[in-house]
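Enquirer: One letter stands for each residue in the lines below.
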Amino acid sequence: MEQKKENKETLNLTNVSYRYKDADKDDYVLRNINYSFELGKIYAIKGKSGSGKTTLLSLISGLETKYEGSILYDDKNLKKIDLDTYRNTYTGIVFQSYNLLPHLTAVENIILSMDISKVKVDNKRSRAIELMKSVGLDESFANRRVLKLSGGEQQRIAIARSLSYNPNIILADEPTGNLDKDTEDEILKIFKTLAHKENKCVIIVTHSKNVCDNVDIVYELKRKNKVRDND
Amino acid sequence: MIGYNSYEDIKDFVNGNYTIIEGEVSEDFNSSNCVISEELASLNDLSLGDSITVLDTKNEKNAYELLITGIYKENTESSDNISKMFSNSANEIITNVNFIKTILSTNEDLSATITPTFILNNKENIDKFANEVKVKGLSEYYKVDDNIEEIESATNSIKNVKIFAFNFLVITLIIGGVVLIVINMINIRERKYEIGVLRTIGMKKTKLSFQFMIELLIICILSLSIGAGIGSFASVKVANNLLASEIANSKNEYSNINKNFGRSDDKDMNENNKSDSESIRSKFRVADISQVDTINAVVDFKILAELLGIGILLTILSSLASMISISKFSPLTILKERS
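Taken in sequence, the protein lines are chains A and B. In this text, residue positions in the first sequence follow the working numbering: the first is 1, and each later residue adds one. In this text, residue positions in the second sequence follow the working numbering: the first is 1001, and each later residue adds one.
Misleading hints may appear alongside valid ones.
Once the Cα atoms are required to be at most 20 angstroms apart in a straight line, the calculated EDC-like pairs of lysine to aspartate or glutamate come out as [to be verified]:
| hint | chain 1 | residue 1 | chain 2 | residue 2 |
| --- | --- | --- | --- | --- |
| 1 | A | 66 | A | 26 |
| 2 | A | 148 | B | 1194 |
| 3 | B | 1204 | A | 22 |
| 4 | B | 1204 | A | 26 |
| 5 | B | 1123 | A | 26 |
| 6 | B | 1192 | A | 84 |
| 7 | B | 1328 | A | 84 |
| 8 | B | 1205 | A | 115 |
| 9 | B | 1336 | A | 64 |
| 10 | B | 1328 | A | 22 |
It is worth saying that the hints were derived from the structure and are not from the lab.
Go ahead and model the full structure; you've got the sequences and the hints to work with.
Expert: See the structure below:
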């Protein structure tokens, strides 16, 4: 699979439907979703609580596999590829609660991610510090335990971790949900840079109007699955 | 009148039933000497150095002189039963076999009970020995007895200890295995979040399971190394202390036996120093074994390897539990629970 494509569809969801295991037969959280995502753009998926935003992100990230329809990454069906490789090579995931390993330092969290992806980097530590700088954290944060960092700093580390193996797609689940307005703006700026300057496809699940106003395309999830183009 | 030809055969002295109060049991088993009871001595006004004249009742011309080298007291209560008057131990004159043979050689009408004792190195040779003595002319009126049952009953306790130790080992291994599995499960539950994060960022189940197993193996090998190191160091000390205690007990016991025979420790010790086990062997017929008073090394690498093998096997078995858990965990569920 090629890692870089210029503004071409990289993710394609066709008639994707999903219902929980214990739900009634017709009680779908997501029904016939048909979304496309391109490199170089930043997307927001918004919707009320329970509308299936995070579930959709789980399907796109390959963490949930029991759905109907198809999700294609570079024309390859996610159901037919190795999802561990997909997650550790082509997609980077950023969570609202950061999900960093608390017993590791900031730089170790990033290096761990490189180790898992088997990305070839001459000096992993230097690369990790470089990534930290790209998200606005200087070298002094490198050896600090992540629990000693603020929410905004932890989220930057999580973004740096997701970028550590240079994936095409960045998936972010409420990345600014725990952060104040100023920090939210800074994080959004990072995501915009990633999409527009580094040609990544950034998909953000959010409640925030501010986020929706700053992305290229917004998908709104309702039971009828409205689509609103922000361009 | 009872004759012996070694100290070891005089069981009453070895066991402590009789104790010399004056003189000693002579180590000269060829001369005409004897020891008598305190009661016999006082009732007949005999003392150490006196001689007793023994008369052949069937031919009074045959008289034999016996020098009293020792007087003993009986530590067990003698029977008052009249029927046992003539077999009362107080009437016993303890001498040597050569003297008895001398008496018997002069009058064929005299009778005696001869109980020779042979010590064999190997119990497998008992039957061969019995056959050999019969071939060599042992009368049909004699029989060969052995104390195999007595020896086996003594060694049975050791066999029982061995079986108990083995069973204990097996039970320990089973319980240890179960405990390891439980600890592993607890460990996995405690590190569920870590597993969730690692799986989310793309670590494969097999790699994750392997990582947990490697962690356990490192702990297992480190623990075994520390345990074996401490064990080998401590066991030498403990074993030497136990050995020292055994040697002290043995010396004490030997000293008591010496006292029963009326022999001083100093005299005997000096003899021991001179010819080591030879002197003991000649008196007590103990086997010629070299005595050990220190144990230098007890680390048996074969056993260490076996222990390591068992440890690794248990670790791998208990890791299976964690592998199954990891394979069943959904990273999404773990992270949702955490959130």
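Enquirer: Taking the hints in turn, state whether each one holds.
Expert: We went through each hint and held it up to the structure:
In summary, the hint linking residue 66 (chain A) to residue 26 (chain A) is supported, as the alpha carbons are separated by about 15 angstroms, within the 20 angstroms threshold. The straight-line distance between the Cα atoms of residue 148 (chain A) and residue 1194 (chain B) is roughly 18 angstroms, inside the 20 angstroms bound, and the hint therefore holds. For the suggested pair residue 1204 (chain B) and residue 22 (chain A), the alpha carbons sit about 27 angstroms apart, so the restraint of at most 20 angstroms is broken. For the hint linking residue 1204 (chain B) to residue 26 (chain A), the alpha-carbon distance of about 34 angstroms lies beyond 20 angstroms, and the restraint is violated.
A hinted pair counts as satisfied when its Cα atoms are at most 20 angstroms apart, and residue 1123 (chain B) with residue 26 (chain A) does not qualify at roughly 87 angstroms. Only pairs whose Cα atoms come within 20 angstroms are accepted, and residue 1192 (chain B) paired with residue 84 (chain A) is accepted, the gap being roughly 18 angstroms. Between residue 1328 (chain B) and residue 84 (chain A) the alpha-carbon distance is near 15 angstroms, which keeps this suggested pair within the 20 angstroms criterion. Only pairs whose Cα atoms come within 20 angstroms are accepted, and residue 1205 (chain B) paired with residue 115 (chain A) is accepted, the gap being roughly 15 angstroms.
For the given pair, residue 1336 (chain B) sits about 13 angstroms from residue 64 (chain A) by alpha-carbon distance, which is consistent with the 20 angstroms threshold. In summary, the hint linking residue 1328 (chain B) to residue 22 (chain A) is supported, as the alpha carbons are separated by about 18 angstroms, within the 20 angstroms threshold.
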